[in-house]
Amino acid sequence: MPIQLNFDEERRYPDDPSEITIPVLLTHGEKSLRIAAKADPGAQVLRETSSRKDGKIRTDRTEERA
Numbered sequence: 001m002p003i004q005l006n007f008d009e010e011r012r013y014p015d016d017p018s019e020i021t022i023p024v025l026l027t028h029g030e031k032s033l034r035i036a037a038k039a040d041p042g043a044q045v046l047r048e049t050s051s052r053k054d055g056k057i058r059t060d061r062t063e064e065r066a
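When the sequence shown is numbered by our numbering, its final residue is 66 and no position is left out of the sequence of numbers.
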């Protein structure tokens, strides 16, 4: 099942099927660092859902290709 993510900002990236470079701002307290992160367009996604029934928690995990 495809997942759609919506963002307020749109960016264009070079057409490279092996990777996507994403600008990232890491912040901890008053310190921050700008870096470039690499996203793998063929990465796997682990989806986890939890439900509660009869006082018991059930967790289902499914793995998908992104």
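Be careful, since some hints might not be right.
[Stated by the list, open to error] FRET-style restraints, in silico, Cβ to Cβ: (1) 51 <-> 8: 26 to 36 Å; (2) 2 <-> 37: 35 to 45 Å; (3) 51 <-> 2: 37 to 47 Å; (4) 9 <-> 56: 21 to 31 Å; (5) 36 <-> 56: 38 to 48 Å; (6) 56 <-> 34: 24 to 34 Å; (7) 36 <-> 5: 14 to 24 Å; (8) 20 <-> 52: 34 to 44 Å.
Please keep in mind that the hints were generated in silico from the structure rather than gathered at the bench.
Being a predicted model, the structure only gives us computed values, none of them experimental.
Don't be surprised by glycine CBs; every beta carbon is placed ideally from N, CA and C.
We went through each hint and held it up to the structure:
1. 51 <-> 8: 26 to 36 Å: 31 Å, holds
2. 2 <-> 37: 35 to 45 Å: 23 Å, violated
3. 51 <-> 2: 37 to 47 Å: 22 Å, violated
4. 9 <-> 56: 21 to 31 Å: 42 Å, violated
5. 36 <-> 56: 38 to 48 Å: Holds, since residue 36 and residue 56 (Cβ atoms, about 44 Å apart) stay within the stated range.
6. 56 <-> 34: 24 to 34 Å: At 45 Å between Cβs, range violated.
7. 36 <-> 5: 14 to 24 Å: Since the Cβ atoms of residue 36 and residue 5 sit about 20 Å apart, the hinted range of 14 to 24 Å holds.
8. 20 <-> 52: 34 to 44 Å: About 37 Å separates the Cβ atoms of residue 20 and residue 52, which means 34 to 44 Å holds.
Checked against the numbered hints given earlier, this structure breaks hints 2, 3, 4, 6; the rest are met.
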